[in-house]
Amino acid sequence: MQLAVNIVVLAAIYALISCGYVLIYRVSRVLNLAHGELMLVGAYLLYSTASLLGGNPLTAVAMAAVLGLLVGVLVYVLLMRRMTGEMVLAAVLCTIALGVMLRGATVLIWSAQVRHPMEALGWSNPSLVLFGDARISLISAILIGATAVVYAALFGFLGFTRWGIRMRAAGQNPLLASQRGIQLHGVYALAWGLSTFTAGLAGMLISLDSSLDGTMTMIGLKAFPAALVGGLDSLAGALIGSAIIAIAEVLLIQFVNPLLSDVVPFFVLLAVLVIRPWGLFGSKEELDRV
Amino acid sequence: MNRWKMIAALAALSFTAAPWAQDAYVVGLSGAVTGPNADTYAPGVESVRLYIDQLNKRGGVNGKPVRLIVGDNQGEPSKAAADAKKFITQDNAVLLANVSISSTYGPMVAEAKRARVPLLFAGGACPAEVLPPNPDELQFCSIGPAMKYDAEMALRFIKEQSREPVKLGLVAMAIPLSRAGIDYAESLAPTFGITPVAKEQIPPPTPDYTPYASKLKGADPNWVYSWGPWITEVKTFEALRKLGWTGRYIAAALNPAEDELARVKDELFYGFGPNAMFLENLPVHQEMRDAARGAKLTYPITQMTEGWVAGMVIEQTLKKVAWPPTPEKVLAAIGTLKVDTKGLRGGPIEWSKTNHFGSKQHYRVYRWDAKKQAVVRVQDWVTVDVK
Amino acid sequence: MDAPETILSVEKIEVTYHRVVTAVQGVSMTVKRGQIVALLGNNGAGKTTTLRAISGFVGMDDAQVSEGSISYKGQRTENRQPHEVTRLGVVLVPERSKVFENLTVAENILAAVPGKKSKSQAAVAYEYFPQLVRLREREAGYLSGGERQMLAIASALVCAPELLLVDELSLGLAPRVVADLIERLQLIRGELGLTIVLVEQNATVALELADYGYVMENGRIVLDGTADRLRSHDDIREFYLGHVQGERRNYRDVKQYRRSRRWYG
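Protein sequence lines correspond, in order, to chains A, B and C. Here the first sequence stands for residues 0 to 289, where the numbers follow numbering that gives the first Met the number 0. Here the second sequence stands for residues 0 to 386, where the numbers follow numbering that gives the first Met the number 0. Here the third sequence stands for residues 0 to 264, where the numbers follow numbering that gives the first Met the number 0.
This is chain A alone, in the form it adopts within the complex (with noise of 0.2 angstroms):
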């Protein structure tokens, strides 16, 4: 029972960290290697309004929240911006610079220490007892229905508005939706400010969850064969591997050797790669324009 806990909450933590993967890569091709960073600053700031605002915990993780999705526009804006039109490649490899400079920005901002925001907000994180003497903490519960909350969400507006439908328009064919009206940066933009927050989202549940160090950025590069796995363009993908990621690596850990878990992702990711190099969702010809 326990097991089937444990992977439902991994899995939960991949699906809420790749679904900003997806987001930024479906809408502009881009491959975001600064995902794992970005969490980190959403956890960081999360620490910060935890810090200022004390006594007003709700205040500070919705303030957090909203910078979160600040922090990406601001990163679009500034930067991304500069790389429309530019090669993917060049994209992609500005998102690796925007890693180093985000990780050495948090530690001079913050310092290398290893911080507790839940203690900064004064809330506790108890163990949840469920059937079966399966436990789980309040925030990984909490974590779990914010993963539903946020997928739910997604698919409701990618498929049911008029400025998700211009997402997914701008992804597939970026021309003809500039030359439909659609302001692609404004898109653009919307996806970074979402993926950041679903990041930031993730960043601040994990750090609540255990502590903010560090390796919250590896964490991230983790999640990123569960958004491969699936197919980085489709959000019901990301699901779906981050299922099997972490099926096989609970499991891994459990009957097998606890250091495979750190490579397994990437085997099975090998193995779809081999089989359906798009991913399991992936639509086949957005790869070839890769």
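In short, the hints are calculated from the structure, not lab data. Predicted, not measured: the structure shown is a model, and the values here were computed from it.
Ranges of calculated distance between the beta carbons of each label pair, as one might list FRET restraints:
hint, chain 1, residue 1, chain 2, residue 2, range
1, B, R113, A, N256, 35 to 43 angstroms
2, B, R288, A, N256, 41 to 49 angstroms
3, A, A235, B, Q89, 55 to 63 angstroms
4, B, N280, A, W122, 27 to 35 angstroms
Sample of chain A residues at the chain C side, in silico, Cβ under 7 angstroms:
hint, residue
5, T83
6, R161
7, R165
8, Q171
9, N172
10, S177
11, Q178
12, R179
13, G180
What the simulated footprint calls covered on chain C by chain A, stretch by stretch (three residues with Cβ under 8 angstroms from a Cβ of chain A suffice, anywhere in the stretch; the number is not a length):
hint, stretch
14, 57-71
15, 146-159
The C-beta atom is built at its ideal place from N, Cα and C for all residues, glycine as well.
Please build the complex by placing chains B and C on the supplied structure of chain A, with the hints as guidance.
Chains B and C alone, transformed into the frame defined by chain A:
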């Protein structure tokens, strides 16, 4: 703001250091001030700096100031090598120091050997080359934690604390040194009548420690020994507790341990280590707090003991070096050093031709006390002989 | 229709790709309100580039109007982003990838940003192309060529164009479908008061529909005139309309003709 200034000052220093070099004892320190492992090493660097600043305020050594030049190697071997090269060729450093991960040791040792400048390991873990009976002539280590002696001490403590048979779980971070430490403890456990039942090696980037903790809990240990970076030690413990595990957990009390024991507030979570915690309130602790007061530090003072000890070692070494200093004179001085640590350690640091580490390791054990609402010492200095 | 105002004027534009490759050179054309203007020429003559220059390039095209000017209703529009040009009322129906293939028909209509002019532009789209109503839920990638063209024009109408640019209306479509499209386009033009620029390889279709035509070759305009004049022009009759007087000329003669056009035209 403060840190920007620090960096600007560092940059300025590195440009102007060479012309001044003749007026000061120059020590070059390469440390992981930023980078993925900075949480472990940056406090150490800051505290060496703090110590040297204080030393200069007191008038320096033999009437001359000590110039500490800090290079940020970000935990990267190539950067550590570049730092060492610069310290030796541009800054005329007479002593090198390293506060970083072990992969940066090799390149620095190579540079030190080329120029025959002594090298002090001042944070992290001691390399085998400093241990008796045949230490490398240029390498010295003032760091407290030591893989083998730590394991011996922890197992002995576990045995003494338990009336029931001990089923031991072991936790390491999946990095070479930590794994070796745990493997050693596993092999040593039976000699104490302790049965190892599970061993977890957890990769450093782990979004959720619960799967590892679940497996560990499944083996039903009543004690867990963890030796590795603090993050792994404490996060695994917290994950175990969230799963409802009720056993006892002992972990190497690295830099942040004192504050962390107070944060976690669990009476069965023991931290052991070679350094006296601030709750002991020794005169030297007051001295450190006073120094920190005027200095606007980035890291809490409770994480500064290792660096402070290294500062003592640097001061005592240079004291024995008559002006003008040369690397040879420093090597002669550091090779036969005896440093009174003023109670920060269980005994003095003593180096000789056959031992660049210390002949005895002393440990104290601490834990949270719910009644007193404070971290308390549960065992005074225990001595392990270094063979 | 006496002396209608000039709605679009293209003056001696030169378009370069990747900063070095010149695609069209010294192209000038004038479009008056209410006209249908055809741009004729063979593959690679520069018709599409000219049309794209009018509708605006995006960064990834790596193209720009490096000389000359384009003005639409007195506003300079060269080198502006397509969405800005679209919002001014100049809307392009491109030749290839003219619909969002993974979006349904309804989503294609919804994705287009409605122009300010009328109340419900989506309704206009379905009004002129009622076939699309029953295809609403179908993905555009599964439409037939004719349906695709209808959807492309319909979604362009959503943007409330005053000047509609259509690239290859008839390409790859059955004559019956083309006839239907032409009929509908004329209806739309009449009711909405559109001005249209058509790019066509099929000169028969183009001259049937257009009031005025320009003929392009090798990136330049080599001939222009009213549709009637062009229809009766010998060269057009021969090379574009396929009327042969006497003996059919062989390919070498055609090449020769082109070369002389390039040198002396």
